[in-house]
Amino acid sequence: MSTQETHDHGHGDGHAHEPQSFLSKYIFPLDHKMIAMQYLFTGMAMALIGGFTVYVFRMQLAFPGAHVPGFGMVSPDRYNMLVTSHGTIMIFWVAMPVLIAALGNYLIPLMIGADDMVFPRINRLSYQIFLLSALVLISSFFVTGGAFGGAWTAYPPLSARGDYNATGLGSSLWLVAVALEFVAFLLGGINFITTAMNARAPGMKLTDIPMVVWMIVLASIMFMASVGPLVAGAIMLLFDQQLGTAFFDPNRGGDPVLWQHLFWFFGHPEVYVVLLPAMGIVAEVITTFARKKLFAYKTVLYTAAATGIIGFFVWAHHQFIAGIDPRMASLFTITTLIISVPVAEMLFVYIATLYGGSIRLTTPMLWALAFIAEFLLGGVTGIFLGAAGSDIYFHDTYFVVAHFHYTFFPIAFIATFAAITYWFPKMFGRMMDERLGKIHFWITIIAFNFIFIPLFLTGAAGDHRRIYNYQHFPEQWTPTLQNLRILATYALLVMIAAQVIFFVNFFKSLKSGPKAEKNPWKANTLEWVAPSPPPHGNFEEMPTVYRGPYEYGHPDRELDYWPQNEPA
Amino acid sequence: MTTVTSTSAVRPEPRPKKKIAHSGVIGMLVFVLTEIMFFAGLISAVTITRSTALMNIWPPPGQPRLPVEETLINTAALLLSGVLLGVAHFRFKKSPELVKAPLIAAMLLGAAFVGLQGAEWVALLAQGLTPQSSAHGAFFYLIVGIHGLHALAAIGGLAYVLRRAQQGRLIASELHTAEIFWYFVVLLWPVIYGRLYF
Amino acid sequence: MYERFFTAASTYARDIDYLILLILVCVGFGFIVAEIVFFGFIFKFRAQDGVKTQYVTGEEKSQKKWVSMPHYLVLVLDVLIVIGALKVWSDIKIEMPEPDAKIRVIGQQWAWSFVHEGADGKLDTADDIRTVEELHVEVNKTYHFLLEARDVLHSFSVPAFRLKQDAVPGRVITGWFKATETGTFDIQCAEICGVGHGIMAARIIIDSPEDYAAWVKKGGPTAFWAASNVKAPGAAKAAIDAPTPTLTANNAAPLPQ
Amino acid sequence: MRWTWVITVSLFFAPALALGCAVCGTGPERSRAAYISMTALLSLLPLTMLGALVWLFVRRLRRLEPKEGPPPREVVSEPSGP
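Protein chains in written order, with my numbering: chain V, 1 to 568; chain H, 1 to 198; chain F, 1 to 257; chain B, 1 to 82.
Hints are computed from structural coordinates only; laboratory data are not their basis. All of these numbers come straight from a predicted model, not from anything done at the bench. Heads up, a few of these hints could be off.
[Claimed, not checked] Below, simulated DSS-like cross-link-like pairs (lysine-lysine); rule was C-alpha separation at most 25 Å, straight line: (1) F:Lys65 / V:Lys298; (2) F:Lys64 / V:Lys298; (3) F:Lys44 / F:Lys102; (4) V:Lys522 / F:Lys44; (5) V:Lys522 / V:Lys438; (6) V:Lys205 / F:Lys61; (7) V:Lys205 / F:Lys64.
[Unchecked claim] Not close to chain B: a few residues of chain V, all C-beta gaps over 12 Å, as computed: (8) Leu331; (9) Met431; (10) Asp433.
Don't be surprised by glycine CBs; every beta carbon is placed ideally from N, CA and C.
Start from the sequences and build out the full structure, keeping to the hints where you can.
Printed below as a string of structure tokens:
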């Protein structure tokens, strides 16, 4: 891996556009768009697994001890495996590959007017390692002892010894899968950063880069800068599991709290790593459908950079009650609350962008607006957890669960749906069905709120996480709280069922949707200059850039949009 | 809010832009940044584990002390190879042919470093320092081992550069990309040496 | 505010509840204003035929103030919250009042055990009272607890006290509380600790001084579990060693009405 | 925004004056110092390195620019309609 760059960099600029065999086109492609599709479909498949796990354990919580259709009884060890798998899969195998890898791969070259990534072979290797990591993770379900059951945070000593966590090889496979997955995104990140720096179309200044590209690049930089310590920790933990070393074993001179530092040093920036691309998608969609110039482009850019920088100083707020120095906790309370300022400002800018617009509520626009509305709630509830005093009470309760689902669900699903519905015509050359899209949108959003508002309440009442059954805690085992849990479960069933509509819409439109023109949304950015779907090599004629990406409704122009590549 | 017309709607005809640095160099710099963070994680882990040691005794009782003096030879070899690669860098500006000799010397010194390190491992294993024996041993084998793997990979990179030079097809960016990684491996070692051996 | 819905039984539960209220008011205000403006814009600026969009760059000072004003508002609210949060944090975690008594709390897979000072008022003496899954404390008395873990991380959580502290193997972590109400409340384990995490429950029993003295005199655990309608965790723990289906089958306990 | 940092720093040192402490004294003083220094190292290192990279690139960019002549100037737009 280390010498890969040396081998590949000669292939950066020229691309063969000759016809390709099935194998080289679909299985081992160098084309960034095909690699993006591989990431997208792998991510969607993993989302199905993640969705199945949540269905099983929510059923167990609503009807403890009942037979879950399609799974069977949920024993406590199975329950732990299910919640661990749900968390890991949804963050590392759904949010990351879809938001960063798939959209980054698809959009960066198209939006900056390049014919491909600068390191196409590293790009292909990145997906292959990612696929391998997914296979390793899935294989851990089938080994003796089952999948890892020590929560996605994998705190040792629980995660370090099979006799503590009751999973054997599964926990090592889990670690290997996570580490491989990081290597895959590391390779992808190198590609994104270098491509955005070196392959921009002539005339594209830094302030002409569409916001989503900036955000993916900033997210990649954050990821690259934060992932190292966790990979180090993962190797140490793997050694503890397999070689009997004692890095995290307090009885033999190790320190279990060390892992928490290494983990959260990555774990919290990770939140912003997935948040920023989602924010970028929303910027693209709302400017297109409000026909408005993005309010204060530079402010958005600076707030995103500020979020990235402050994002490195907030991670210890996950450890307020973990026995760290309380003075350090005071400091991290302050930084955690400070980070709310740039994130809030970004949302204000988006709201201000809507002012004076001409808003068309198409499906992608509905998703993008829903992102802002829902993410606001996720953001403000984070303040309760960032303030050390109230975190004593809320830590590891369902309040936390509801809070981060109000951030992660908008990020990983709402923004992704906005992206898929918005770029679908470009990706597949066909339009999606608006009516089915809207039905899917409304059911998903309403059900989503019905899942997590009850969980805010049960969390505030003291329900803590990762409990397979509350009957041993008399204060939590009350009819009111149980009814809330049942309500959340029913809402979840509705939401999962609604995703069938999405898949129907997706595959039906893929096969028989009306043909899309080059620029169906009348948008400005460069990807709409390419044919739909773009061929290998992307553009018929390599574009040149004359202006920023958000010149909608310019007073000098009859048309309300002004593509970036059109000469004045 | 008022409407404004004073935006950059018209610009001079764009020209093909110049690159800040070659893609390979940028990619390698970003990769090295990640690697530095990886080793920063490992080194902070050592620092913390050492600070929690019982009675502040390090290495733990019954564990052999690491061969500080012998390792100086390794360290010198590695640093010298870094210097030689620097020589290659400047000779490349004169003629690509001239890089071969310092490159081969740098590779040999690098290989000597890895070899001596291997010999040290064997000796220490015989003295009872194993990954399982204490956190001291575990960190030693983990960090030195991972650094050794990086050194091997970097030697591989240099070998690739050498082959290109022999074919007469070596270009500056290839040399620079390999150089960055080798300097990273070289300069990382004194930090590891200072943190682990003392 | 909070105690109206959830019992607050320690001195600092009020502090934490007031902090939660403070945050709720601050962020609730910001949230509602932002959402009203947001939905207002969506409603007002729907696409209409013949109405062209306004061209606003947002780069000018007069325009930027529409974003920077709420931005300063957020900053002010943040400072308010930070002051409250740090005050509460410092009162609870940093400054510790002198103890009237000490208890040792030990978490292990999957039970809490407690060591009470016996009649002599000292820990680690022969007359210590050891209990499993029930903790007896006296009301209005400041306790220091010495928190230990035997195997993996646990978290000592008493929701009624708004108290939560991780137990880390290899360390002894000291914390404090002062109960203000008599009664019986839940003790939970709030950090995943393995298969039995969900059964790692205990009860804290806050006695009046007379009752507590009587309990100490008796020198042993009460028959709390026998008297309660809640199943003793001990029974569930026996089941956890049995094959897992038995455990899930046992779970179908009816809800208390 | 200087006063924000003044508050930040002063609030950080304020609690240090308190004598008792819930989890202090659970390990040797050196261990806490090690944790704090590690936190500082891990948080500052990436930003320093990124800052250095950005500085390097900006400098190189500035060196490339003069050769290309004056950078494109922002021009006030004129009505381009018919």
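Here is what the structure says about each hint:
1. F:Lys65 / V:Lys298: holds (15 Å)
2. F:Lys64 / V:Lys298: holds (11 Å)
3. F:Lys44 / F:Lys102: Measuring from Cα to Cα gives roughly 63 Å; hence the hint is violated.
4. V:Lys522 / F:Lys44: Given pair V:Lys522, F:Lys44 holds - Cα atoms ~22 Å apart, limit 25 Å.
5. V:Lys522 / V:Lys438: Cα-Cα ~21 Å, so holds.
6. V:Lys205 / F:Lys61: Holds: V:Lys205 and F:Lys61 sit about 23 Å apart, inside 25 Å.
7. V:Lys205 / F:Lys64: holds (23 Å)
8. Leu331: violated (5 Å)
9. Met431: holds (31 Å)
10. Asp433: holds (38 Å)
Comparing the model with each earlier hint shows violations of hints 3 and 8; every other hint is respected.
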